[in-house]
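Note that the protein sequences, when read in sequence, are chains H, C and U. For the first sequence, this note's numbering assigns the number 1 to the initial residue and increments by one for each residue that follows. For the second sequence, this note's numbering assigns the number 1 to the initial residue and increments by one for each residue that follows. For the third sequence, this note's numbering assigns the number 1 to the initial residue and increments by one for each residue that follows.
Read the hints as simulated data drawn from the structure, not as lab findings. Here the structure is a predicted model, which is why all the values come from computation and not from measurement. A few of these clues could be false.
[Claimed, not checked] Across the chosen pairs, the derived CB separations fall in these ranges:
#	chain 1	residue 1	chain 2	residue 2	range
1	U	R243	C	S11	20 to 30 Å
2	H	S133	U	P326	24 to 34 Å
3	C	H10	U	P326	53 to 63 Å
4	U	L19	C	D136	27 to 37 Å
5	U	P326	H	V221	35 to 45 Å
6	C	H10	U	V30	45 to 55 Å
7	H	V339	C	D234	52 to 62 Å
8	U	P326	H	V256	22 to 32 Å
9	C	R143	U	P326	26 to 36 Å
10	C	S149	U	V120	57 to 67 Å
11	C	T176	U	R243	22 to 32 Å
[Claimed, not checked] Footprint (simulated), chain C over chain U, 3 or more residues, beta carbon under 8 Å:
#	region
12	235 to 243
13	280 to 294
Note that beta-carbon positions come from the ideal geometry of N, C-alpha and C, so glycine has one too.
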Amino acid sequence: MSATLAPPSDTSPSGTSAHRRTSAARRSAWLAVSLVVLGLIGVASITFGAREIAWSDVVSALSGNDETLAEAAVAKRIPRTFLAMLVGAALGVVGAVMQGLTRNPLADPGLLGITPGASLAVVVGMAFFGLGSPMGFTWVAIGGAAVAAVFVYVVGSIGRGGATPLKLTLAGAAVSAAFTSLISAVLLPRIDVMDSFRFWQIGGVGGATAERTLQVLPFLVVGALLSAASTTGLNALALGDDLAAGLGERVVRTRVVAALGSVTLCGAATALAGPIAFVGLVVPHACRLLAGLDHRWLLPSCAVVGAGLLTLADVLGRVVARPDEIDVGILTALIGAPVFIAIVRRQKARAL
Amino acid sequence: MTLDDSSRAHSLSAHGVTLGYGDRTVVEGLDLAVPAGEITVIVGANACGKSTLLRSLARLLTPSEGRIVLDGKELHERPTKEVARVLGLLPQSPIAPEGIVVGDLVARGRSPHQRMLTRWSREDDAAVAEALDLTDTASLADRSVDELSGGQRQRVWIAMALAQRTDILLLDEPTTFLDIAHQVEVLDLLTDLNRTRATTIVMVLHDLNLAARYADRLVAMCRGRMLADGAPQDVLTAELVEEVFGMRSQVTPDPVSGKPMVLPIGRHHARVPAATA
Amino acid sequence: MSTLDVVTTGRVRRSRARLLAALGIAVGVVAAFAISLMVGHTFYGPGEVLRVVLGETVPGASFTVGELRLPRAVLALLVGGALGMAGVTFQTMLHNALASPDIIGVSAGASAAAVFAIVVLHLDQGLVSLFAVVAALATALAIYVLSYQDGVAGTRLILIGIGIAAMLHSVVSYLLAGAAAWDLPAAMRWMIGSVNDAEWSTLAPLAIAVLVLGPVLVSQAGNLRLLQFGDDAAAALGVRVERTRVISILAAVGLIAFATAAAGPVAFVAFLAGPIAARIVPAGGSLIVPAGLVGALLVLGADLVGQWAFDARYPVGVITGACGAPYLVYLLVRTNRSGGSL
Numbered sequence: 001m002s003a004t005l006a007p008p009s010d011t012s013p014s015g016t017s018a019h020r021r022t023s024a025a026r027r028s029a030w031l032a033v034s035l036v037v038l039g040l041i042g043v044a045s046i047t048f049g050a051r052e053i054a055w056s057d058v059v060s061a062l063s064g065n066d067e068t069l070a071e072a073a074v075a076k077r078i079p080r081t082f083l084a085m086l087v088g089a090a091l092g093v094v095g096a097v098m099q100g101l102t103r104n105p106l107a108d109p110g111l112l113g114i115t116p117g118a119s120l121a122v123v124v125g126m127a128f129f130g131l132g133s134p135m136g137f138t139w140v141a142i143g144g145a146a147v148a149a150v151f152v153y154v155v156g157s158i159g160r161g162g163a164t165p166l167k168l169t170l171a172g173a174a175v176s177a178a179f180t181s182l183i184s185a186v187l188l189p190r191i192d193v194m195d196s197f198r199f200w201q202i203g204g205v206g207g208a209t210a211e212r213t214l215q216v217l218p219f220l221v222v223g224a225l226l227s228a229a230s231t232t233g234l235n236a237l238a239l240g241d242d243l244a245a246g247l248g249e250r251v252v253r254t255r256v257v258a259a260l261g262s263v264t265l266c267g268a269a270t271a272l273a274g275p276i277a278f279v280g281l282v283v284p285h286a287c288r289l290l291a292g293l294d295h296r297w298l299l300p301s302c303a304v305v306g307a308g309l310l311t312l313a314d315v316l317g318r319v320v321a322r323p324d325e326i327d328v329g330i331l332t333a334l335i336g337a338p339v340f341i342a343i344v345r346r347q348k349a350r351a352l
Numbered sequence: 001m002t003l004d005d006s007s008r009a010h011s012l013s014a015h016g017v018t019l020g021y022g023d024r025t026v027v028e029g030l031d032l033a034v035p036a037g038e039i040t041v042i043v044g045a046n047a048c049g050k051s052t053l054l055r056s057l058a059r060l061l062t063p064s065e066g067r068i069v070l071d072g073k074e075l076h077e078r079p080t081k082e083v084a085r086v087l088g089l090l091p092q093s094p095i096a097p098e099g100i101v102v103g104d105l106v107a108r109g110r111s112p113h114q115r116m117l118t119r120w121s122r123e124d125d126a127a128v129a130e131a132l133d134l135t136d137t138a139s140l141a142d143r144s145v146d147e148l149s150g151g152q153r154q155r156v157w158i159a160m161a162l163a164q165r166t167d168i169l170l171l172d173e174p175t176t177f178l179d180i181a182h183q184v185e186v187l188d189l190l191t192d193l194n195r196t197r198a199t200t201i202v203m204v205l206h207d208l209n210l211a212a213r214y215a216d217r218l219v220a221m222c223r224g225r226m227l228a229d230g231a232p233q234d235v236l237t238a239e240l241v242e243e244v245f246g247m248r249s250q251v252t253p254d255p256v257s258g259k260p261m262v263l264p265i266g267r268h269h270a271r272v273p274a275a276t277a
Numbered sequence: 001m002s003t004l005d006v007v008t009t010g011r012v013r014r015s016r017a018r019l020l021a022a023l024g025i026a027v028g029v030v031a032a033f034a035i036s037l038m039v040g041h042t043f044y045g046p047g048e049v050l051r052v053v054l055g056e057t058v059p060g061a062s063f064t065v066g067e068l069r070l071p072r073a074v075l076a077l078l079v080g081g082a083l084g085m086a087g088v089t090f091q092t093m094l095h096n097a098l099a100s101p102d103i104i105g106v107s108a109g110a111s112a113a114a115v116f117a118i119v120v121l122h123l124d125q126g127l128v129s130l131f132a133v134v135a136a137l138a139t140a141l142a143i144y145v146l147s148y149q150d151g152v153a154g155t156r157l158i159l160i161g162i163g164i165a166a167m168l169h170s171v172v173s174y175l176l177a178g179a180a181a182w183d184l185p186a187a188m189r190w191m192i193g194s195v196n197d198a199e200w201s202t203l204a205p206l207a208i209a210v211l212v213l214g215p216v217l218v219s220q221a222g223n224l225r226l227l228q229f230g231d232d233a234a235a236a237l238g239v240r241v242e243r244t245r246v247i248s249i250l251a252a253v254g255l256i257a258f259a260t261a262a263a264g265p266v267a268f269v270a271f272l273a274g275p276i277a278a279r280i281v282p283a284g285g286s287l288i289v290p291a292g293l294v295g296a297l298l299v300l301g302a303d304l305v306g307q308w309a310f311d312a313r314y315p316v317g318v319i320t321g322a323c324g325a326p327y328l329v330y331l332l333v334r335t336n337r338s339g340g341s342l
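Start from the sequences, fold in the hints, and give me the full structure.
Structure, rendered in structure tokens:
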């Protein structure tokens, strides 16, 4: 499968230093541009919503006032925006790490059944063990994500050719379908938890509060650090396990660190926002065009673009269906599925 | 279909055919007359259009230009089943449904001879039995295809094509994935068929030396065109090999059969320095 | 023993074994159907049930069995049969057990259209079915066109189908979430499939579809059997590949759409029926009829379990989904290990 991702030629030692400097400059420029765009989306997210708000109210709310209705609305939108950015960044990074780890261009935590695994774990926890605190949600979600990830990977990589995109995706789709049934089976007789049902089925950032987000934040930080620690290892893994080992990379350690990082991020993101698919798939593909294949650049870029994409989807969801809202999970699926199809079409049939 | 019918010589030929997939042209303006009762072997570098040509001869691909003619009538205008009673094809990688038994697999070769509601006849059984005997697979009849070795499996597929009792048999690389002993076994079997039943055989082979050994007629293709067509001893020369494969070689008579044998020169090991060879 | 004897006796023995296996499944279907009619809050014996089915008026039983249990059992039977036959057709044609219409998005297309027709357009059952059929065909066509690139590669088609299915599932979620009342039974039916509230009027379109399209699929059984060898090998054996494919896909998509319009996307039945039938029936014959029977048995059995085995009543899709999962994993592992397909 190493053929599906071209080796990161521009990071090879044979590249001249001048070439490396210019590409670093170019990447920094792109990263800066994405940050600016993210900032604009953030402003839009605070400004636009079901209720239309004047610019002066936004400014006054941002400086701490929440007396008028408009200012209160803005004050509610700030944690929501913050949450969308965090979750989007986490999912973008998870997608990049998982695509590098499995050398599979179709890897996405939602499609591979990992977020449904986290959802199922949380739903079971709520229904049978009286789980209620965000802290508890997060631990359980991370556990569920880890179990699902290992499970799907093992099932998808048995047999000839290892974990091909087709086998992994099918294993993921199958496992997601099974998890969805189980989630329904758990929730159906418990109308009391049905309120959260839609949240766990679709995924959204509407119920954000600052306290909850802050409680989950440490998990996101740990996941991000673990992912960051695996970047050079992921670069080597792109050449295939054998070649990476031949280059002196400790393959197993890289895999474990990267897997832990992505599972932690994914579990925490799911605990915060429910299952959101396709962000992890789309963002790394877009970022590879901007930042290249070097994971040291790719991951930060995915974090920024992922945050932007999810926040933008949230804004669109609030604006398009006024006065209702469309959950981000639905919009990301509508945006992501065509990209997914385009990626599949680009692959050679044999590489699938 | 009686035995008399299948022993009648059929003629198959391509006239100025252009073949391709979508916008991509693979074979252009090619003429080929398949000699009845002989073994024709098509050789060429990868992606030169060998398999494409074979598929079009088997009616699997309609030429965008030109005609494929079977017994004086255009192949694509004849009903599929009728063609399938005259012309059999063994594709490169047929799929065996999981768990199917050899006897059942070979029996599927009879389907072109059956109508929707006709019952399985004694003659069908006889054709299957004969195909198993000819390929020496009768002892495997009740075994599952999954359990067979690569060589056995290939013989079973050939048995299926034989049960079809066609006068012309097309094979796309029947020896791929087989070790050298099984390759020779399969090619010997096909030669037996050709000798005893006058079956016309057209096949694509990768190995030039085996092609030269077993072909009555050798067709060499390069980039969708035919470069040579004739008896191996007449056409297989070092110049042809260089033109088709871009590789320098020496061609000498093979001490076993006297047919031509291709020896690559390469950059090392040659006793005559490569530059002057 | 001559080779001819070996061939003849082997063939006769194997076709008899296949027939017996199929009959065995059929007996199971009849039994499950009978139990569905007898069991409930009130138990009615076989005699009473038979009299109701034959049209006699039996106090109490006539309503409970004739108006509640019978439509429900017939719906389960038809849905299972339709999904089973359609599923195995897809699996055979695409040479992959995982390429069933519920995994590659065809069922999702039907269910999204049905939900749209009900929630947004407020249509009645006949029109809903029609809507679902058109949408399922459009989805199948879209998947086919999108995966066309120098011919259709099975793997690409499956992956694109999964992508489309994911998108359509979120459309269904959105339509249901936006529906005025979050009506639980209705929502469940469209998320996961259920035969609750079966009425003769809702199952009439499906019954007609099964009676018309089922025989069409069975007529293609011989050709589909040869398509198992791959397109080229089948064509060489005289199969008109494209024609067979078009007829079979149209019929299978039609069955899926009518079944989905009647009972929602009952999870995993289309996917499971073929592989289970293949395990029961010795290889070599057509699996269309056995898979239809297995599908019917699955839905009837799962509905019985869902209604009576637990404290709460579960729709049939929850049971097929939850029970299907372990089998699915087993199948994935086994398929991947052998490197083969169905």
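Quick rundown of the hints versus the structure:
Separation of R243 of chain U from S11 of chain C is about 28 Å and conforms to the stated range, judged on CB atoms against 20 to 30 Å. Range check, S133 of chain H to P326 of chain U: Cβ separation about 32 Å, and the 24 to 34 Å hint holds. Distance hint check: the CB atoms of H10 of chain C and P326 of chain U are about 55 Å apart, consistent with the given range 53 to 63 Å. At about 31 Å, the beta-carbon gap between L19 of chain U and D136 of chain C stays in the expected band of 27 to 37 Å.
Between P326 of chain U and V221 of chain H the C-beta distance comes to about 37 Å, which sits within the given range of 35 to 45 Å. The supplied range of 45 to 55 Å is met by H10 of chain C and V30 of chain U, whose beta-carbon atoms lie about 52 Å from each other. At about 58 Å, the CB distance of V339 of chain H to D234 of chain C agrees with the hint of 52 to 62 Å. Checking the proposed 22 to 32 Å range against P326 of chain U and V256 of chain H shows it holds: the Cβ atoms sit about 28 Å from each other.
Look at R143 of chain C against P326 of chain U: about 31 Å separates their beta carbons, and that is inside 26 to 36 Å. About 60 Å separates the C-beta atoms of S149 of chain C and V120 of chain U, a value consistent with the hinted range of 57 to 67 Å. Between T176 of chain C and R243 of chain U the Cβ separation comes to about 30 Å, which falls inside the hinted range of 22 to 32 Å. Counting residues of the region 235 to 243 of chain U whose CB falls under 8 Å from any CB of chain C gives 6; the rule of at least 3 is met.
Given as covered by chain C, the region 280 to 294 of chain U passes the check, having 3 residues with a CB less than 8 Å from a CB of that chain where 3 are the minimum.
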